[in-house]
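Sequences listed follow chains A and B, in order. With our numbering, letter number 20 in the first sequence gets 20, and the count goes up by one each step, no holes. With our numbering, letter number 107 in the second sequence gets 107, and the count goes up by one each step, no holes.
One should not assume that every hint holds.
Stated by the list, open to error - Below, a list of computed lysine to aspartate or glutamate pairs in the EDC-like style, where the Cα atoms sit at most 20 angstroms apart:
#  : chain 1 : residue 1 : chain 2 : residue 2
1  : B       : K31       : A       : D512
2  : B       : K31       : A       : E283
3  : B       : K5        : A       : E336
4  : B       : K20       : A       : E424
5  : A       : K183      : A       : E203
6  : B       : K31       : A       : D54
7  : A       : K112      : B       : E66
8  : A       : K183      : A       : E283
9  : B       : K31       : A       : D192
10 : A       : K112      : B       : D58
11 : A       : K469      : A       : D512
12 : B       : K10       : A       : D527
13 : B       : K10       : A       : D154
14 : B       : K10       : A       : D512
15 : B       : K5        : A       : D333
16 : B       : K20       : A       : D527
17 : B       : K20       : A       : D192
18 : A       : K112      : B       : E98
19 : A       : K335      : A       : E283
These aren't lab readings, by the way, just hints derived from the structure by calculation.
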Amino acid sequence: MYGHPRGANVGCLQWIAAWRREPDARWHVKMARTTVSRRFRLTSAAADRYGEFDSPSFTLVDLQRASQSMLTSMLGLTAASARSLIEARRTQSVTSPHALADHRRLLVELRKLHGRVFYANEEPLHIVNVVPRGRFVFSRRPFALDVEFQNASDARVVVVAVTVLWAGHPFVVERLVSAADAKRGRVTVRFDRKRPLPVGRVEFQVALYRDDGAESVFRRTAYVLPSNPLSLSLSPAGARITGTWSARGDYHPESDTFLTECEIDIANGDAGVVSMNRRVNWEFWDGGVGSGTLVESGSFDWPGPINVPAHGVWRGAVWFSSPRGSGIFGVYDRKEDMAISVSMTAADGRVVRGEITARVMLAYGVNIIKVGDFGAQEHADLYDAVDQMRQIMEQRDITLRGVDRRIINNAAAGSYTIVNSETEFRDLLEDWSVPNDFVDVYVVQQFQWSGYNGYAGDIPGPASKGGRKDGVAVDKSGYTDVSGTARLQVGTLAQLIGHEVGHYLGLQHLEDTNNLMRSNTGNRGPDLNYTQYRTVFPHGFMVYQ
Amino acid sequence: MANPKRIPPKPPPPVIPGGKTRPSLRVSLAKHRIVAQRRALNLRLLSATCAFSTPSPDPVRLRDVELLRKVTSERFAAEQSLLRIQAVRQLGRVQSLEGVNHLVGLATSPVEGEYVRAAASAALMSVSPQISQVVLASLKRDRSRLVQQTAARLAGVGYGALGKRPTERRARKRRRKSRAPAQEGQPRRG
């Protein structure tokens, strides 16, 4: 670091200019270096169940036929409620919950079980579970998924379709379901040699169709294990969605440093635990690793032992802190990309290495404004959705510089909890506003307006507050889960907020495959292209430090 | 504001072993027309959900009622919850006795989630205001605040004219500055 006699730290060119102005001052020269300011272990899920928001695996219970022990042990009904239900069944068929109107206590319990039971006049189709055959998926090898299902109808299950979300473009594998498979409630979907997957996270979205048009869907996330069989990969800290990424250099004005957060994933495709040496070597390159210019490098020792579980993933996070005057600070300051390389060695001598691009990102802030009541789990889901939305944007090198948490409680919100017209939406924007340079995002209880679920004040929205255009509103996408808890659909809400904020930042609808700005919520994806990135760049709420 | 003159170059695409595409494998649905119809219906139900898009003038037809009822009864997967609510809303656009009966059942269900019941109440008002008045009267003291609010507003002003009341609007115009929503503390984890 170049030290100014009056105490200020300055860059190299500024130092020369200052020296020319004050040649007689007493100067000292001290080179600043990047240090690893934090390193810590992250929890890791099993490789065959890697997603936080995967579909739960459970069996539906037929209320008309379930025995008392099934009602109490599987569903958790109290003994009195189970007896009450069985008594009701003796006098009439339980065709719908309306048939139990006189059994108030039972209904209170059934309300929590509404997503797990069915009535006599219903014929549900339900995917019970999806598991990779042999439990794990390995890179560069064919694999298969076993789909287990329940069908309470005479109509036959005929088609299964699996959409694969991975680091590349999504693809679909479908097959017809044979009569034998339909009868036994299990079908296998095979992925042949033309469709191998690389190491990393993959999400399978499975849809099953019956020949009367009924559909059931299921989501399963897995980590594709290396078949070589040890690998190291880098991703931005906290990455929870599929895709390809850059790590971001975050400028911290209070310490005048750039912070680079990076996650290290070591995947083990072997059936035995792999011990790693604790030494971690890192390098930042300007240009390609090995072919560009080495900016800075170093090494550190991991504070504890590193044991990669059998058929599993070990995850750790590292924070690189680069003060002004360091090489990495200089490259970030010039808005140039770098490549980070991290290498480690297994106790048996195998060397594994991973790379990722690091760059300064465009950043905007959001005020997340809850309109009306949110339960504790809905609150947690909302901020998981905001986190996922940030990750979607970060895949196109746009990040959040802040999330301000706000609430308009039920009493103050009045009729704004339900948005039912453009006038009401604009009244909401006019009546409420957060006086900062973040985008106001109103999360309302429900849209009851022409089938819409989100809207933005304008394309682009204003870069100042006040008036009837300064924000976006989205439906909170609520549902009740299989345990009877009020939840928000995290994946849908993440894309919905990202989509409406995208409008606010200047993006029009774009019907490209998997694009975030598709008008149809059903086939929207997490992609933003480079032209869209250039479009949002000039918005007044965008910062690129 | 970011300086547009400093837009960084497009980053090089990451190298993915085996390339970034894999071929899709589709089956013919010629023998399963209803499956094809269902898929098309799913797409129609979720199209034009952003208010910047133009809603389709005829997203559902009378022949779709049976499939719509099926969609609204698929309550076992979270991934289908948005589709389900959109199907409930579209049932309110089709003049069908079965559809109305189904909406009444959903709106008054003693076990159904409040989002579906609120959407069913609104859909019922648009397809059959007379029947909905009876249903809404029974929902004004419902256990769910969202259903209560929906019922009160629908019963008061009718669907399609659900603006704020004139007195509220005047009060709003008198207000000179917009209010800032209250700040929250640290989030609670459920």
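Now for the hints, and whether the structure bears them out:
Our distance criterion of 20 angstroms between C-alpha atoms is broken by K31 (chain B) and D512 (chain A), whose separation comes to about 30 angstroms. With a C-alpha separation of about 58 angstroms, the suggested pair K31 (chain B) and E283 (chain A) falls outside the 20 angstroms cut-off, and the hint is violated. For the given pair, K5 (chain B) sits about 14 angstroms from E336 (chain A) by alpha-carbon distance, which is consistent with the 20 angstroms threshold. With a CA separation close to 45 angstroms, the supplied pair K20 (chain B) and E424 (chain A) exceeds the 20 angstroms bound.
Proximity of K183 (chain A) to E203 (chain A) is assessed by CA-CA distance (about 27 angstroms); at most 20 angstroms being required, the pair is judged violated. At most 20 angstroms may separate the alpha-carbon atoms for a hinted pair to count; K31 (chain B) and D54 (chain A) exceed this at roughly 32 angstroms. Between K112 (chain A) and E66 (chain B) the CA atoms are separated by roughly 27 angstroms; this puts the pair beyond 20 angstroms, and the hint is violated. This hinted pair does not check out: K183 (chain A) and E283 (chain A) have alpha carbons roughly 57 angstroms apart, beyond 20 angstroms.
Annotation: proposed proximity of K31 (chain B) to D192 (chain A) is violated, straight-line Cα distance about 25 angstroms (limit 20 angstroms). Between the alpha carbons of K112 (chain A) and D58 (chain B) the distance comes to roughly 36 angstroms, so the proposed pair goes past 20 angstroms and is violated. Restraint check for K469 (chain A) and D512 (chain A): the C-alpha separation of about 27 angstroms exceeds 20 angstroms, so the hint is violated. For a cut-off of 20 angstroms, the pair hint linking K10 (chain B) to D527 (chain A) stands: about 15 angstroms separates their Cα positions.
With a CA separation close to 55 angstroms, the supplied pair K10 (chain B) and D154 (chain A) exceeds the 20 angstroms bound. Among the hinted pairs, K10 (chain B) with D512 (chain A) is consistent with the structure: their alpha-carbon atoms are about 18 angstroms apart, no more than 20 angstroms. Among the hinted pairs, K5 (chain B) with D333 (chain A) is consistent with the structure: their alpha-carbon atoms are about 15 angstroms apart, no more than 20 angstroms. Straight-line distance between C-alpha atoms of K20 (chain B) and D527 (chain A) comes to about 14 angstroms, which keeps the hinted pair within the 20 angstroms bound.
This hinted pair checks out: K20 (chain B) and D192 (chain A) have alpha carbons roughly 16 angstroms apart, not beyond 20 angstroms. Distance hint between K112 (chain A) and E98 (chain B) is unfulfilled; the C-alpha atoms sit about 27 angstroms from each other, more than 20 angstroms. The suggested pairing of K335 (chain A) with E283 (chain A) holds, with an alpha-carbon distance near 18 angstroms, which does not exceed 20 angstroms.
In summary, the structure is inconsistent with hints 1, 2, 4, 5, 6, 7, 8, 9, 10, 11, 13, 18 from the numbered list given earlier, while agreeing with the others.
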